[in-house]
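Trainee: Residue numbers (the numbering used here), protein chains in the order written: chain A, 4 to 359; chain B, 4 to 174.
Some clues are possibly wrong.
Derived lysine to aspartate or glutamate pairs resembling DMTMM-like cross-links, with alpha carbons at most 20 Å apart [said to hold, decoys possible]: (1) K147(A) with D118(A); (2) K47(B) with E59(B); (3) K146(B) with D8(A); (4) K47(B) with D26(A); (5) K249(A) with D76(B).
If you are wondering where the hints come from, they were derived from the structure by calculation, not from laboratory data.
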Amino acid sequence: MSDNDIRLLQRLAGEPAGPGRVDVRQAVSEGRRRLRRRKLAAGAALAVLVAAVPVSAAVWSRPAPSAPASRPDSCEPGVKLPMPVGSKKSFVVAGDRSARYLAGEIDGRAALWHDGTLEVVAEPGGPTRFTAVNSAGLAVGVGKGKAWTYAAGTFTQLASPTAALATAVSENGIVVGAREQDNKVVPAVWDSIEATARDLPTRNGESGQAVWVSDEGIVLGLIRGTYYRWGPSAGYTNEIDLDGEKNLSLDTAVTNGQMIAGSVTVNGKEAGIRAYLLSDAQRLPDDVMEPTAINSRNWIAGSDPLAGGAKLLVGDTLIAVPGGGRAVITAIATDGGTLGGYDGEAATTWRCQITG
Amino acid sequence: MADGSEAEYVAYVSGRIPALRRLAYLLCGNDHQADDLVQETITKIFVRWPQVRKAENIDNYVHTILVRTFLDDRRRGWWKVLLGTSPERAAPAGAAVEDREVLRAALAQVPPRQQAVLVLRFLDDRPVAEVAEIMGCSQGTVKSQTAHGLAALRRILGDQYAGTFTYGEAR
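Between the sequences and the hints, there should be enough to build the whole structure, so can you do that?
Mentor: Dropping the structure here:
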C-alpha cells in the first residue's frame, strides 16, 4: 500500500453541509411503530389483522403481509355514472381513497363525479382527462400539452416551461407527472398548485414519469419498465424479479406507494405480479393478470386479457365484478364498498358487500 | 420505554447526530443520503435501545449499526441515483472538486465492506482494532480488506482515468 494512495483517498475527508434534516422525534415515532408491529407479529399467529401500515412509512420499511379484517363477498351489478345529454363515451380513470370522488373523461373532456353525481366537465380547451383525485376533491389531469388541476369549480394550469402532464396527487396537494425536456420526458413534481415544475433526476437521464406521491413528497415513478423511488433526497430503482428471472420490465403497473401490481413478460408469456417495494415479486392469478387498480389495503383489481371480465383480488380471494368481458376497474375504495371503472359502455360505479 | 430510558435515548442520540452525520457522509459522499442513513440508524437504535445502552462501548456499537445499515443498503440491489452529481458526469481531471468527484465515484465502485474499511481507517482515522470491532471481524481481515480496497481503487482509477489523474497534488 502506498502513502500516496492513502493521501489521495484522504482528499475525500469532509463534513456534511448545513444542519441536516435528521429528526429524533420521527425516529422515536417510527421506532415505536416498528416495536408495535414486532409485538403484533409475535402474537398474531391466529389473529386477523387489518393492513394499517401508513403508506408513507411503508415506503421506508417493508410492511409484513397481513390479511384484511373483512372481505367483500360479492359486488352488485354496476350503475352507470351520469353524463350530459347527448354524450357518447365516458370512463373512470381513478378515484380517491374512499372512491366517493371518481375522475375520468367524457367525450374527450375531463370529468369528475362526486357521490355518484357529475360535478364538472371541462370546457373545450381545458383538460381532456383527469388522471387522479384526492379525498379533498382536488383532481389533476392532462390536455393540450398542459398539466391541470381542478378544485371547487376552478381549473388551473400548472407552471412548466415545456409541455407537461399530471398523473397523481397526494392528500395534501403535491402533484407529480412529467414534462418534456430536450426531446425527453422527465419526471416532475409540483410542490403546490402555485409551484413551478421541479424535475426529478433519473439514472443516466432516462426518460420516465412520476406516478405516485405521498404527503411527505416521496415519489414513485415508472422508467423503462422499472419503478423508481425518490425520497426527500436520493433516488432508487427497483428490480422486479420473478421465478428466478431478474430485472423484468413492467408492461403495465399500478401502485399505492407500498405495493406494485403489474404485468411482465416471463419467457415469452405474460404474467401478473405483485411486489412490496424492496421485495421479490409474487405471481398473481391469471384472472387479474393485468392489474388496473390497487387500494391502500393492497386489494388489486384486474382482468385476464384472454378471458376478459374484471375481478377483485382480496388477499388470495377472487371476487367477480359484474359487467361483462370488457369491464375494467380503475378505483377501489379502502373499505372495498365502492368501485369505479368502465363497464364496457360507460363510466360505472359498483357497490360491493363486505361481510365479516 | 416507560422506565425513563426514552429520555436517555433522546439525550444520547441528540448529542451524537453531528458525529453520525459525519461518518455517514464519509461513507455515502452525499449530504442527503447521509441524512437518510442516519435517520434509519437512529430509528434502529431506538428499537434496540435496551441492548444498546448496556453495551460496553455505546459509540462503537452505534457506529456498527450505522455501517451495517450502509452495507445492507448497498446489498439490496437498489441502486442509488446521486442527485446533482452522477459518476458518469464526473470530470476526469482538473480542479480539486472534480478530482474529488472522480475519487468518490471510484470509491463507490469498491466492494462495500472494503469501502467501509477504507473510510473508517483513512477518512475517519480509526485504528485497526477499532475498525475490527465496528466491522465485527478480526484485525487481520481489516488489514487484508484495506489492501484489497486500495488495490481496487487504484485499478478503477487506472482503468478509467489512466494518465489524467493528478496524483502529484496529494504529495
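Trainee: Taking the earlier hints as the rules, which of them does this structure contradict?
Mentor: 1
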